[in-house]
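J.: The listed protein sequences derive, respectively, from chains X and R. So the mapping is simple: the numbering used here equals the position in the first sequence, first residue as 1, plus 537. So the mapping is simple: the numbering used here equals the position in the second sequence, first residue as 1, plus 814.
Since the hints were derived computationally from the structure, they do not count as laboratory data. Careful: at least some of the hints might be erroneous.
Listed next, the stretches of chain R that the computed footprint assigns to chain X, with coverage defined by at least 3 CB atoms under 8 Å from CB atoms of chain X [what the hints assert, rightly or not]:
{"hint": "1", "segment": "867-877"}
{"hint": "2", "segment": "1003-1015"}
Far from chain R by the CB rule (all over 12 Å, computed), these chain X residues [claimed, not checked]:
{"hint": "3", "residue": "R716"}
{"hint": "4", "residue": "S719"}
{"hint": "5", "residue": "E774"}
Remember, predicted model here, so these are calculated numbers, not experimental data. Beta carbons: idealized from backbone N, C-alpha and C, even for Gly.
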Amino acid sequence: MNATEKTGDLAPAHDGLFYSSDQELLHVVVPFVRDAVTHNEAVLVVASDHTREVLEPVLRDIGPVEYVNPSVVFRRTATAVHTYRELVEKALGRGARRVRALNEVHFGETLHARAETIRFEAVANVGLAAHPLWHVCLYDVRRTPPDLLSASAHAHPYVVSADDRRPNPEYVPPVELLRRHSQIPPYTIEAQPPDLEFRDLSAVGLSTLRRAIQTTASAATVLPQGRIDDFIEALSEIASNSLVHGEAPVTTRVWVTQQRIVCTVTDRGNGFDDPLAGFLPASPNALPVHGSGLWLARNFSDSLDFSTSDDGFTARLACWTN
Amino acid sequence: LGVSGAPRVFARSGSGVHLMSVAASEDDQRSALRRWIVGALGAGEGFAYTEPQGAPTPTSVSRTLAGSGVDIDRAHRDGLLWQVPMADFYAVNAPTMLAARASAQGLRGMRIAVDARQGLQVLDRGAYLEFERQLGDACAMSPLSALCQFHADAAGSWLSEVSSMHMGLGPSSPFLAIPDDDAVFLFGEVDISNSDQMSEALRLAASRADGLLHVNLSGLTLLTAAGCRVLVEGTQDYRAGGGHVLLLGARPPVHRVLTLLEFDQAPGFTMVRNQE
Chain X
538 MNATEKTGDL APAHDGLFYS SDQELLHVVV PFVRDAVTHN EAVLVVASDH TREVLEPVLR
598 DIGPVEYVNP SVVFRRTATA VHTYRELVEK ALGRGARRVR ALNEVHFGET LHARAETIRF
658 EAVANVGLAA HPLWHVCLYD VRRTPPDLLS ASAHAHPYVV SADDRRPNPE YVPPVELLRR
718 HSQIPPYTIE AQPPDLEFRD LSAVGLSTLR RAIQTTASAA TVLPQGRIDD FIEALSEIAS
778 NSLVHGEAPV TTRVWVTQQR IVCTVTDRGN GFDDPLAGFL PASPNALPVH GSGLWLARNF
838 SDSLDFSTSD DGFTARLACW TN
Chain R
815 LGVSGAPRVF ARSGSGVHLM SVAASEDDQR SALRRWIVGA LGAGEGFAYT EPQGAPTPTS
875 VSRTLAGSGV DIDRAHRDGL LWQVPMADFY AVNAPTMLAA RASAQGLRGM RIAVDARQGL
935 QVLDRGAYLE FERQLGDACA MSPLSALCQF HADAAGSWLS EVSSMHMGLG PSSPFLAIPD
995 DDAVFLFGEV DISNSDQMSE ALRLAASRAD GLLHVNLSGL TLLTAAGCRV LVEGTQDYRA
1055 GGGHVLLLGA RPPVHRVLTL LEFDQAPGFT MVRNQE
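In isolation and in its complexed conformation, chain R is listed as follows (with noise of 0.2 Å):
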């Protein structure tokens, strides 16, 4: 699992994402982190966090925003960026907040990154279950997208559950994709009303990979013809020009679905399954 921010997610208009991701290693974390952010301030949406007293942590925003061209000060002064005390980020009316506060600036949206490690120092763990709950409300019905990062030690039961409430990882997620570095993933199901954004974000994903486009399907419940038909006409122009597109991870359902339309025979495309 690699999910990761950037500079645009494509989901329905109204609503933000509740993504989750697992980093092996502190670089890993912040490396998704200040994609996140520098997505956010590039977007227009604002980014709010917390961050322990004291002396910054590995992860802390200063230093992870150190060398990414971000003058944090200023973003500060102009009310992109939001340090909240840790004791109001983590109440449970708190992502309702935030993602009114920002519909009252006039931002398009609104982006935080919850560390789930900080969090559970708070929060016991059915308190922490509780806030996840209602992000993931919050998520669903205003401007507002959370990234929760978990460190790859944690472990049980207890993740399974946390993991269900992010979206691409639930039962019925909503469609989503989200263009990164050469990289696009893919959440949810992709039928006809919604294969638009799957070609924009294809496309914007072509015209930044350099040879090797991946197309993360692991996210995906269900893609139709026409996500198929995208998957073609997205990656056309990139393709014709000596690209080659990955198609990674597909569950059974949609690897079937490439396979009948043949894409494990179509020049440009290779299907690799089981991606981690």
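With the rest of the complex left out, here is chain X (with noise of 0.2 Å):
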């Protein structure tokens, strides 16, 4: 196997390994993690146990290898991205020239989780193309749905097998890929009547916004505290922007279950066509601070998409339990 050789300039890169058996899996991994400790990279493991239980007894004899949690990796696209980023700066800050990382990214089982996984293997292009990191995502063929294995074959450079690593004839730019999944259907929920909604919402109601689902999120729901301090952070933010850059009236539906929340911002403006917005890093350096509540609404909600419709444009963010 070739995995190492076209990219011994320490460029980043961003693989796909399609595998069918753990025979094939090691056949892949060994050489490119022995081939990271020889030239003094690191190498992060962020899999499932399963996968971790096939990897870790063959890699110990190797060299160092970090395992972390991928529950608290791929929780939302914006917040992977950033994990991976500060992992890649701390692993460069003990001397690492590199990271090598093995992915199994997994956002979760339901249809909007799934959507997350292409997204975050869509932005993972781009959000991560400036770090020094070599990142592998580990697809059991077996396994993985078969609408997340056709989606994830377009969004890798490269593909890796045991027999070779080539340029990925079927890659698709992150822009489009993620254009082309950008039609998320809504949440059965909302076929229901909402549990709060608020018409011709203004600037000094959003307060008013805030206090209403606290109580309802907080008598209705299981999410922590925290999460629900979260969810309405994001929505702070995505209402402030209908307000700011949408057209008036703007109107906010919430429905809340046990286990989530759902909610819907609507104004009568023609909305904003990047499908990137908010799922990288807004600094401070730059003035003034433009996308930054995007990116914190992508942060600090577990779902968050657009569409229009002939209503107007519709944000729709959720949160739910683990």
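Join the two chains into one complex using the hints; note that each chain is given alone, in its own frame.
T.: Put into structure tokens, the structure is as follows:
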């Protein structure tokens, strides 16, 4: 296997490994890790227990490998990008020349969670491109849902196999891939009347909206207070965006179940068309801090998407229990 | 906790603020009180107070204002300073009466200072709590502002109950910005509806700070992107001129927002947690 040959220059890389046996997985991973250790590159594994059990006994003899809890990383796309950046910076701080990561990207089983997996895979091509990170995403074709498998086949600039590492002919650039997967269906609960509805929201009404969601959510969900606070922050950002950039009236609807909060914010404007908006960190070094509201909203909600209809431009955000 | 009065308070128009300060010494108490009174008079607001009979105490208004440049007799004559008998001052309806009197006189607002130790000589703890409750309501509904001064030796569950009645210390405080010498104290929630006030308060504090501006975030319960933008823009000139901004005491949710926006790495800013 020649997985290491073409990235000896410490360039970042994002590969897909689609395998159908543990043996095939190890056949690629073992030389990859061995080469990393030889070249003073740190190795991270962010994978399920199942995969970790396959890898750990073998990698133990090769060199130091850091195992990171995937449920911490793969919570939200924005958070995952941020976490990888931090992990890379930490490893570089310890003297590593580059980081090699073996990822089993998994945001959950539901439709919305699978959509988040594709989003992360697409965004990683931009959000981690400036970092010395060579990450290989592991897809066990026996266990991956077909829709996810076909979508993720488009997300990796390179594919690696037991035979070789080569450019992926099916690769689709991130903006285009996000656009293809931007049509997220409404949650089923949206067919019911909302628990809260604010027609013609105004800036001074934001605090009333926050109080109302706080009261409704703490009575009806099992979400911990911290998660409710996060969601309220995210919603404040999204509603502010509509109030500032959209066209009145702004309508906000909220549905609360025991496991989930779903909220839509609709204004009469045309919205925006930037599939990457909010996925990448916004820094105060660049003045003014454009896009920071969306970045915060993506970090503080589990799912956030935008759609256009006859009603206008709608943002839909949700958070749920783990 | 070190809330002190200042020349101008940025609160919702038509209402005042209900603040609490805990002083470690009589010097601290006197200095907070002096700024509170000077701030009131400077902003065209009246100031009402009460004093025990007999010789002035160390924290009496006359002793506090000595050397402050305020002409006490003249302020009395102009109707800006009112001395109220103690029994009237701590009456349950006193806050409403004082607010009404200020508006009848055409003043922009009215401030009072409450010395908790003194109040507890007149009222028992239950009655004092009721007085604070009425005071909070009056501050929310009229341009009356109160600074309630406590001593560091006050303690017990009673203190936490009385604390939660004050702005910035309760669960859902309205937004409030108090610029002070080289510092600004922020309370409540910042969003697009009030970030302009925060901006103005920051600029004012920055204009008086000498190279180090303390932005005390410990009273903030929500900071949105609009507030973060203002934090950058409101201190832009100050930082460009070599000034440095300390972001102090952010609670965990606010701290996470600042970290996600990389304020911890931004030039001209330093984040300091758990500042007392």
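J.: Determine for every hint whether it applies to the structure shown.
T.: Right, here's what the structure says about each hint:
1. 867-877: violated (count 0)
2. 1003-1015: Answer holds; 4 residues pass the 8 Å Cβ test.
3. R716: Holds, because the least Cβ-Cβ distance between R716(X) and chain R comes to about 25 Å, which exceeds 12 Å.
4. S719: Holds, because the least Cβ-Cβ distance between S719(X) and chain R comes to about 23 Å, which exceeds 12 Å.
5. E774: violated, 6 Å
When held up to the earlier numbered hints, the structure conflicts with 1 and 5 and fits the remainder.
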